[in-house]
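Peer 1: What follows is the residue order along each chain.
There are 2 protein chains.
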Amino acid sequence: MLSKKQTSWINALKVKKYRKKQEAFLVEGEKNVAELLDSSFSILGIYALESWINKNKYVKDIYPQIIHTISPKELKSISNLQTPNEVAAVVQLPDTAAEKMIIEHLLKQPLKHHVLALDNIRDPGNLGTIIRIADWFGIQQIICSPTCVDVYSPKVVQATMGSIFHIEVVYSDLQQVFEKKGQLPVYAALLQGDDIFEADFSQKGFILMGNESQGIQQKYFKYMDKAITISRKGKAESLNVAVATSIICAVACR
Amino acid sequence: MLSKKQTSWINALKVKKYRKKQEAFLVEGEKNVAELLDSSFSILGIYALESWINKNKYVKDIYPQIIHTISPKELKSISNLQTPNEVAAVVQLPDTAAEKMIIEHLLKQPLKHHVLALDNIRDPGNLGTIIRIADWFGIQQIICSPTCVDVYSPKVVQATMGSIFHIEVVYSDLQQVFEKKGQLPVYAALLQGDDIFEADFSQKGFILMGNESQGIQQKYFKYMDKAITISRKGKAESLNVAVATSIICAVACR
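Sequences listed follow chains A and B, in order. So for the first sequence, my numbering puts the first residue at 1; every next one is plus one. So for the second sequence, my numbering puts the first residue at 1; every next one is plus one.
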């Protein structure tokens, strides 16, 4: 059973302001919750249909206090999905103090993996897809400019297909990060640059991707070490930013 | 002004059955209509706000009979978009007899470009994105299995961003096509195959992509000449089919 108070507490998590205030976000569906359970994120509540609880009995043993059996109608009342998928969980927002430490750590050492730097990515589906792509190619950190869509918004979480629990996503002023980057290279995706298949990605660095319609802002140009391009052979005017990111990651991380 | 009859004739085009019956489909938005006007597709009607007509005066000169100035409210009544974008056009469906000729033509000769073969792609956004990607990389034909989503459905048309007017998309039983392929190779995207960066794509052929959740059906295995894989370095379970197609096209068409 879900009380009215619980329902409105969960539904408030659709809005960034309340996610910040309640220090929590919502995760939905079998796949995402399975990845959550496998992660080190703190779970505040699990709301599941009986069918899900029967398939995942061990979860009730681990979290007896916070697991709630709910009806399909109750699940629908808290879900952001057109077709709610058996289970939802409320998860504690990661500590933002950790964000600074992650960035400082990155800047202190040669990088083991490329780091994605995203400038002003606005579409939740794009950010979620980029996180999933990064996770496929073994990228472990993504730095988002503060104007990027919130990674804990329901649509982003959903589009990551669980990869949000494998990757560190932090928000920071990119200029401040690049000011301290030292020898770490910045590879920037531009319409006029070297063909990605000619570029040398052997030194690990930042892969900078720009906004869906405006691309990379001029203020970052002075930090770029290598402008790279996915050469066009046909007539399409542009590539979607998630698609472009996937191609660059495939080549840079091969 | 739009009559009631016109409005319902246009709205019927949301449904595949009526697109076939009326032999027409709907195209929306400035970008898509600009590409339409640049193409050889037959236009049956243009429905535009005054603002669009003022910006595109030449169109009224070319199509005086079929251009209609409509109000924002009327545009909304025929639009499939959340935010209707100035103009919509009704376009004649390409002749299906041409489909057979396109395929026969492909099979007769060595290919100049790779051809995408799509098996059972169900999501309109995926098909539209794949068409846009193909157009970027200079692919000129896509063969869809009959179970793929209809390319003339509003969501697919929208997602192509005008590339639907640059590429020949035909529907055909893939087995029948592959039976007659002779020496043309079939490159198939599978989870276990050669790394795409090791594969030799120099002989132009078919790039076969499978369904979003089931992948490529077993019945096609006997036609495959090369199984290729986008190697995973991280933990994500899968890549979206449009993302996978983009990476394979980038490498195969470089």
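Since the hints were derived computationally from the structure, they do not count as laboratory data. Be careful, since some hints might not be right.
Any copy, or any two copies together, can satisfy a pair, since identical chains are not distinguished.
To be verified - Here are the simulated PhoX-like pairs of lysine-lysine, each with C-alpha atoms no more than 25 Å apart in a straight line:
| id | residue 1 | residue 2 |
| --- | --- | --- |
| 1 | Lys235 | Lys55 |
| 2 | Lys226 | Lys5 |
| 3 | Lys100 | Lys20 |
| 4 | Lys73 | Lys180 |
| 5 | Lys31 | Lys233 |
| 6 | Lys21 | Lys181 |
| 7 | Lys14 | Lys222 |
| 8 | Lys112 | Lys57 |
Peer 1: So, for every hint listed, does it hold in this structure?
Peer 2: Checked hints:
When the C-alpha separation of Lys235 and Lys55 is checked against a cutoff of 25 Å, the pair qualifies only between copies, where the shortest distance is 23 Å, while the shortest distance within a copy is 50 Å. With identical chains, the CA atoms of Lys226 and Lys5 are never at most 25 Å apart, being 53 Å at best within one copy and 57 Å at best between copies. Taking the shortest Cα distances, Lys100 and Lys20 sit within 25 Å of each other inside one copy (17 Å), while across copies they are farther apart (58 Å). In this assembly of identical chains, Lys73 and Lys180 lie within 25 Å of each other by CA distance neither inside one copy nor across copies; the values are 52 Å within and 53 Å between.
In this assembly of identical chains, Lys31 and Lys233 lie within 25 Å of each other by CA distance solely across copies; the values are 20 Å between and 38 Å within a copy. In the homo-oligomer, the alpha carbons of Lys21 and Lys181 never lie at most 25 Å apart, since the shortest distance is 33 Å inside one protomer and 61 Å across protomers. Proximity of Lys14 and Lys222 under a CA criterion of 25 Å is satisfied in neither setting, with 38 Å inside one chain copy and 49 Å between copies. In the homo-oligomer, the alpha carbons of Lys112 and Lys57 never lie at most 25 Å apart, since the shortest distance is 39 Å inside one protomer and 57 Å across protomers.
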